[in-house]
Amino acid sequence: MFQTFLIKYGEIAIKGKNRHLFEDALVKQICHALKGVEGDFHVYKEQGRIYIDCEPGYDYDETVEALQKVFGIVGICPVMKCEDGGVQKLGDDVVEFLRQTYDRHDQSFKVFTRRPKKSFPIDSMEANAELGGRILEAFPDMRVDVHEPELQLYVEIRDEIFIYSKVIPGPGGMPVGTNGRAMLLLSGGIDSPVAGYMISKRGVCLDAVYFHAPPYTSERAKQKVIDLAKIIAAYAGPIRLHVVNFTDIQLYIYDKCPHDELTIIMRRYMMRIAEHFADETNSHALVTGESLGQVASQTMQSLAATNEVCTIPVFRPLIGFDKQEIVDIAQKIDTFETSILPFEDCCTIFVAKHPVTKPNVNIIKRSETKLAEKIDELMRTALETTEVLLIE
Amino acid sequence: MEAYLDNSATTRCTEGVRDVVVRAMTEDYGNPSSQHGKGVEAERILREARETLAATLKVSEKEIYFTSGATESNNWAIIGAAMANRRAGMHLITTAIEHAAVLEPMAYLEKQGFRVTYLPVDAKGHINLRDLEEALCEETILVSIMYVNNEIGTIEPIAEAGKLIKAHNPRTLFHVDAVQAYGKLEIRPKKLGVDLLSVSAHKIHGPKGVGFLYVNEKTKLQPMMLGGGQQKGMRSGTDNVPGAAGLAEAAREAYTQLGQSTEQLLKLKKRMIDGLKTLSKSDAEPVKRGETAGKPDAQKPCIVIHSEEGDKSAPHIVSAAFPGVRSEVLLHALEERGIYVSAGSACTTNKKVPVSGVLKELHLPKELAESTLRFSFSRFTTEEEIDYCLEALCELLPVLARYARH
Numbered sequence: 001m002f003q004t005f006l007i008k009y010g011e012i013a014i015k016g017k018n019r020h021l022f023e024d025a026l027v028k029q030i031c032h033a034l035k036g037v038e039g040d041f042h043v044y045k046e047q048g049r050i051y052i053d054c055e056p057g058y059d060y061d062e063t064v065e066a067l068q069k070v071f072g073i074v075g076i077c078p079v080m081k082c083e084d085g086g087v088q089k090l091g092d093d094v095v096e097f098l099r100q101t102y103d104r105h106d107q108s109f110k111v112f113t114r115r116p117k118k119s120f121p122i123d124s125m126e127a128n129a130e131l132g133g134r135i136l137e138a139f140p141d142m143r144v145d146v147h148e149p150e151l152q153l154y155v156e157i158r159d160e161i162f163i164y165s166k167v168i169p170g171p172g173g174m175p176v177g178t179n180g181r182a183m184l185l186l187s188g189g190i191d192s193p194v195a196g197y198m199i200s201k202r203g204v205c206l207d208a209v210y211f212h213a214p215p216y217t218s219e220r221a222k223q224k225v226i227d228l229a230k231i232i233a234a235y236a237g238p239i240r241l242h243v244v245n246f247t248d249i250q251l252y253i254y255d256k257c258p259h260d261e262l263t264i265i266m267r268r269y270m271m272r273i274a275e276h277f278a279d280e281t282n283s284h285a286l287v288t289g290e291s292l293g294q295v296a297s298q299t300m301q302s303l304a305a306t307n308e309v310c311t312i313p314v315f316r317p318l319i320g321f322d323k324q325e326i327v328d329i330a331q332k333i334d335t336f337e338t339s340i341l342p343f344e345d346c347c348t349i350f351v352a353k354h355p356v357t358k359p360n361v362n363i364i365k366r367s368e369t370k371l372a373e374k375i376d377e378l379m380r381t382a383l384e385t386t387e388v389l390l391i392e
Numbered sequence: 001m002e003a004y005l006d007n008s009a010t011t012r013c014t015e016g017v018r019d020v021v022v023r024a025m026t027e028d029y030g031n032p033s034s035q036h037g038k039g040v041e042a043e044r045i046l047r048e049a050r051e052t053l054a055a056t057l058k059v060s061e062k063e064i065y066f067t068s069g070a071t072e073s074n075n076w077a078i079i080g081a082a083m084a085n086r087r088a089g090m091h092l093i094t095t096a097i098e099h100a101a102v103l104e105p106m107a108y109l110e111k112q113g114f115r116v117t118y119l120p121v122d123a124k125g126h127i128n129l130r131d132l133e134e135a136l137c138e139e140t141i142l143v144s145i146m147y148v149n150n151e152i153g154t155i156e157p158i159a160e161a162g163k164l165i166k167a168h169n170p171r172t173l174f175h176v177d178a179v180q181a182y183g184k185l186e187i188r189p190k191k192l193g194v195d196l197l198s199v200s201a202h203k204i205h206g207p208k209g210v211g212f213l214y215v216n217e218k219t220k221l222q223p224m225m226l227g228g229g230q231q232k233g234m235r236s237g238t239d240n241v242p243g244a245a246g247l248a249e250a251a252r253e254a255y256t257q258l259g260q261s262t263e264q265l266l267k268l269k270k271r272m273i274d275g276l277k278t279l280s281k282s283d284a285e286p287v288k289r290g291e292t293a294g295k296p297d298a299q300k301p302c303i304v305i306h307s308e309e310g311d312k313s314a315p316h317i318v319s320a321a322f323p324g325v326r327s328e329v330l331l332h333a334l335e336e337r338g339i340y341v342s343a344g345s346a347c348t349t350n351k352k353v354p355v356s357g358v359l360k361e362l363h364l365p366k367e368l369a370e371s372t373l374r375f376s377f378s379r380f381t382t383e384e385e386i387d388y389c390l391e392a393l394c395e396l397l398p399v400l401a402r403y404a405r406h
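Those protein sequences? They're chains A and B, same order as listed. When the letters of the first sequence are read in order and numbered with the numbering used here, they come out as residues 1 to 392. When the letters of the second sequence are read in order and numbered with the numbering used here, they come out as residues 1 to 406.
I should point out that these hints are in silico values taken from the structure, not numbers from a laboratory. A hint or two may mislead.
Stated by the list, open to error - Here are a few chain A residues that face chain B, going by a calculated C-beta distance under 8 Å:
#1 H212
#2 Y216
#3 A234
#4 L251
#5 Y254
#6 P258
Unchecked claim - Result set (DMTMM-like, lysine to aspartate or glutamate): computed pairs, CA atoms no more than 25 Å apart in a straight line:
#7 K69/A <-> E280/A
#8 K370/A <-> D255/A
#9 K208/B <-> E392/A
#10 K166/A <-> E62/A
#11 K208/B <-> E139/B
#12 K232/B <-> E41/B
#13 K191/B <-> E134/B
#14 K45/A <-> D159/A
#15 K256/A <-> E41/B
#16 K353/A <-> E367/B
#17 K69/A <-> E55/A
#18 K166/A <-> E392/A
#19 K191/B <-> E138/B
#20 K374/A <-> E395/B
#21 K374/A <-> E134/B
All C-beta atoms, glycine included, are put in the ideal place defined by N, C-alpha and C.
Looking at chain A on its own, in the form it has when it is part of the complex (with noise of 0.2 Å):
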């Protein structure tokens, strides 16, 4: 019965001057969301909301589906839409959507009415009250309560009329695209696809880069990269996933340099590196999915000791949770379960037994003095052999 939804969104209302470029990139976000589902669709603004007309046949389901994974919408209200015939068919129609909508009628509720077309020949309080009465009249069980209603019901007079009475929770956020372009370090780990997730919903188109070390890890653990990239690419839009073979630079710095530096040493390469694709794609910052203290590498000594080479912003929204807090966010975006596959990275196949805790930028320092002599060739190496994929 549902042929149309109201967008509900928030922050972007307050944007001021601004606004319609918010507006417009939520619009082409829902349309890109509503591509793959089953349906025709019509997307547009009016009056300051957004509206999705859908042509008969539709998968509802589907597309509220959709709609969730789309940043920037607050509600989705799937909206009964009537003409305009007067006060008595207005009653006749929230009567047909109540009989419609639920199973039982036997609830307490509430009518909330506006009124922009100043025609209509009631204004909102009475019709708050008419159509009030008409539904007491028709279900006899159920009651007026303005302070705790079990149902609202919404109706909006405009050149056509719009009755809704459930509100679908969206994702919230900003619509990507409004906040510029990030690169994420993306591992197959738990943390980096979530830290990756909260950026893009802060309106951050997203690429990412991932560290190979074959054959220390195997095509498999690519694999399960590229399955992430596709979950997080369901929310943020396409991803350009970067893949970089790190062998050779890993087994240098193990070569070269102390045993219990590697972990952090070979941190800083991958910023580095990473900060170079960003330049490239016109990244203006780095996403990372550190945690304050779950590993010696990130430590707050080792964090800084990390971030010392970038010259750009490191992002880390994962900064302050605790390991479940992110584990949550996980399995609410669906990325647990691949995150959790026993495959290797290439950071724990080199880990020291007993690796720096406060490393100290000077000594770092030094001992990457000691990689001079093949480290620009094997970065140059490694920066033209990367593979870049765009995962949609």
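Let chain A serve as the given structure and place chain B on it in line with the hints.
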């Protein structure tokens, strides 16, 4: 160059097999249960396939039942036999190194109240017949022993075990998982005292998803697939005609040239083992080991070969450990050069169970178990492939051992 040395995992279909499968799918595609001519034609293909397979074992074609593969055959043989004979006793015997498709049904039956004895194996994977003799009791209704171990190639003493079992009680059933033996060895269930025997097609250059179970006509077995009553009501489900035809063709090809291919496989196996032995002594010795990585441990030999030579081991499997190099890493390094092998058995990617059950039963030290690779050949494997693999190992081992994890 490519070297596929993982033939115990699966094999390439031969062209002959492909052709009969395609014909059964596109031309003689009838349902043997149909009454019209198309059905009759399909039934003929099925019957001929059964006859071909029966001939390879010298049994009656009435004793061949097609299944979806060895997992189904093993499940059916074990659970079906246990259930049908439970009134005679509730005791089962198997070995500790069986495939999961045997061990899991056994574990299931334990939950149903059966008692299961798991025979231990010696360092080379052989069961001790005395253990079997001691385990047999009044209550024993079924013994299940694999013919050839899938991870290290050990041939179990099936004939002797059969004699023992039948001498103890002729009614005790004997099931043999012959997945790695069929097509490689002459098998005579009637002479061996075997009542149930499981076979898979895709290990002998046949298609995946098909196999058979030999069931001695006197054996009481409960059906597990219930439905339209196909295969004398013992295994319902539309007959997999293309699969059966492909399996029969694969078996026919394997057994018409058995002598020749066994000889060839033994030659390949010897070449592989000799090559590994040479590598082990020479410059593949991980130089500087103990300086940069790992513990100082120059005493141990570099390569430890698990598989035996001679007639107590299958001709197509060589299992060896490369201490100091994790098997997964070596596997992927070989893969980069187009060489495909297995780590232990096919399930070592899971961190939580890094060591295979079989290798654990051999009581190998952790270092050996975690560094074991399996090379398995087929009659299409060439000497060049073996040499190519040995060359790659010679180059890779010193490098990889250097970067061993602590």
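Evaluation of the provided hints:
no.: 1; hint: H212; verdict: violated (11 Å)
no.: 2; hint: Y216; verdict: holds (6 Å)
no.: 3; hint: A234; verdict: violated (27 Å)
no.: 4; hint: L251; verdict: holds (6 Å)
no.: 5; hint: Y254; verdict: holds (6 Å)
no.: 6; hint: P258; verdict: violated (12 Å)
no.: 7; hint: K69/A <-> E280/A; verdict: violated (28 Å)
no.: 8; hint: K370/A <-> D255/A; verdict: holds (10 Å)
no.: 9; hint: K208/B <-> E392/A; verdict: violated (33 Å)
no.: 10; hint: K166/A <-> E62/A; verdict: holds (17 Å)
no.: 11; hint: K208/B <-> E139/B; verdict: violated (37 Å)
no.: 12; hint: K232/B <-> E41/B; verdict: holds (19 Å)
no.: 13; hint: K191/B <-> E134/B; verdict: holds (23 Å)
no.: 14; hint: K45/A <-> D159/A; verdict: holds (15 Å)
no.: 15; hint: K256/A <-> E41/B; verdict: violated (72 Å)
no.: 16; hint: K353/A <-> E367/B; verdict: holds (18 Å)
no.: 17; hint: K69/A <-> E55/A; verdict: holds (21 Å)
no.: 18; hint: K166/A <-> E392/A; verdict: violated (31 Å)
no.: 19; hint: K191/B <-> E138/B; verdict: holds (24 Å)
no.: 20; hint: K374/A <-> E395/B; verdict: holds (22 Å)
no.: 21; hint: K374/A <-> E134/B; verdict: violated (66 Å)
The structure does not agree with the numbered hints 1, 3, 6, 7, 9, 11, 15, 18, 21 stated previously, though it agrees with the rest.
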